[in-house]
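Here the protein sequences come in this chain order: A and B. Throughout, the numbering used here is defined as the position within the first sequence, counted from one, plus 676. Throughout, the numbering used here is defined as the position within the second sequence, counted from one, plus 4.
Source of the hints: derived by calculation from the structure; they are not laboratory data. All the given hints hold, so there is nothing to weed out.
Here are some chain B residues pointing at chain A (derived, C-beta under 10 Å):
| no. | residue |
| --- | --- |
| 1 | N35 |
| 2 | Q37 |
| 3 | G45 |
| 4 | V48 |
| 5 | F49 |
| 6 | A94 |
| 7 | Q97 |
| 8 | N101 |
| 9 | F105 |
| 10 | T107 |
| 11 | G108 |
| 12 | R110 |
Here are the computed distance ranges between Cβ atoms for each label pair:
| no. | chain 1 | residue 1 | chain 2 | residue 2 | range |
| --- | --- | --- | --- | --- | --- |
| 13 | A | L789 | B | Q84 | 33 to 43 Å |
| 14 | B | D22 | A | S743 | 43 to 53 Å |
| 15 | B | K61 | A | L703 | 23 to 33 Å |
| 16 | B | H16 | A | K746 | 42 to 52 Å |
| 17 | B | E19 | A | E691 | 43 to 53 Å |
| 18 | B | K61 | A | D714 | 30 to 40 Å |
| 19 | B | A82 | A | E691 | 46 to 56 Å |
| 20 | B | E21 | A | G739 | 40 to 50 Å |
| 21 | B | D22 | A | S756 | 43 to 53 Å |
Partner residues aside, some chain A positions facing chain B, computed with beta carbon under 10 Å:
| no. | residue |
| --- | --- |
| 22 | D706 |
| 23 | Q726 |
| 24 | F764 |
| 25 | S770 |
| 26 | N776 |
| 27 | A782 |
All figures in this text were calculated on a predicted structure; none of them were measured in a lab. We treat Cβ as the ideally placed atom computed from N, Cα and C, and that holds for glycine.
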Amino acid sequence: DGGITQSPKYLFRKEGQNVTLSCEQNLNHDAMYWYRQDPGQGLRLIYYSQIVNDFQKGDIAEGYSVSREKKESFPLTVTSAQKNPTAFYLCASSIAGAKNIQYFGAGTRLSVL
Amino acid sequence: GQQVMQIPQYQHVQEGEDFTTYCNSSTTLSNIQWYKQRPGGHPVFLIQLVKSGEVKKQKRLTFQFGEAKKNSSLHITATQTTDVGTYFCARNQTGANNLFFGTGTRLTVIP
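With the rest of the complex left out, here is chain B (with noise of 0.2 Å):
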């Protein structure tokens, strides 16, 4: 239906090695936003994704949304230990204006 896969659920990385997330869904999307929540915190907005192949950088951040608009992945490099948290995809649901949230990506990064 109109949910957004995420994965992997969990990841622990070093410092310093690079880390992605995928959200994929079995529908087309108009669009795809990403939020970020640091543990004990509350998501905050990162990005909105519209166009098909689209790619956008903030710095060591890269957020992709396939040709087909059907999935899109959020690429940190060289994690730091301020990159903890959970990092969710979002859709908006066909005809209205609520979001599906991914069930998201669970980011440990170790000293």
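Just chain A, with the same shape it has in the complex (with noise of 0.2 Å):
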């Protein structure tokens, strides 16, 4: 089956952690990205990536880091600088290009204990 992985579906984090999210795709896409979901809002990018090891913030980078060492993997790594870190975190993916038609993982949700 060819899609996004994201996993895990829930986590909680203790204050002063770092956390990191996990996405995985085998669609053969350049491009992934990271967005974060509030209760009842839209969507806010984070961080993007049009190809490996290459990487640039979105609208809200600030306490978030990402990775791109292989094609297949985007990871999130929600840090303690983060301080209101508990949402929805989607990671998609696309074929780099105009149409840039974006593909979504299921979702993580981060919680704070």
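Could you fit the two chains together into a complex? Lean on the hints.
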């Protein structure tokens, strides 16, 4: 089955702790994205990557970090500097180019203990 | 700037009634995309509109792109409970390969 897999589905973070959200895709897409969604809100872009070993900050990158060492993987770390991390995190991927249709994973719900 | 405004934010309809959500931009769009997110789910791509004045249909859903390419609409005829969810429009960022999403319209269908 081709698609995007996010894990875990639910994650709890203790104060001062860094946590990493996994995103893997087997669609052979060049571009990958991380969004944050708060209850009843739209999607805000955290980071995106157009190609391996390169990534760009989105609108709300503070308190987050990413890496793109492999085409298939784009993990997101929520650092202790992110003071309000409780949200629904969505990973997406797309073929790089003008159409830019994005395919989303099932998401990770992060809560603070 | 590059934001897209969506209205209404919420809409409650009786099953069988029609529903429309609107997406507006202050600048000309190269294209517009629409996504649907079911409650508790993730956004799923519905359609992309590219041409000025374009109209596309998917069963009971009709998508329109304005003549000036600054607005778009999604119209659902005779809503069903399966239409429940949040509908987002999205535009490409100028010169980049990422999207700006609208704030979404949450549709509730009352049986």
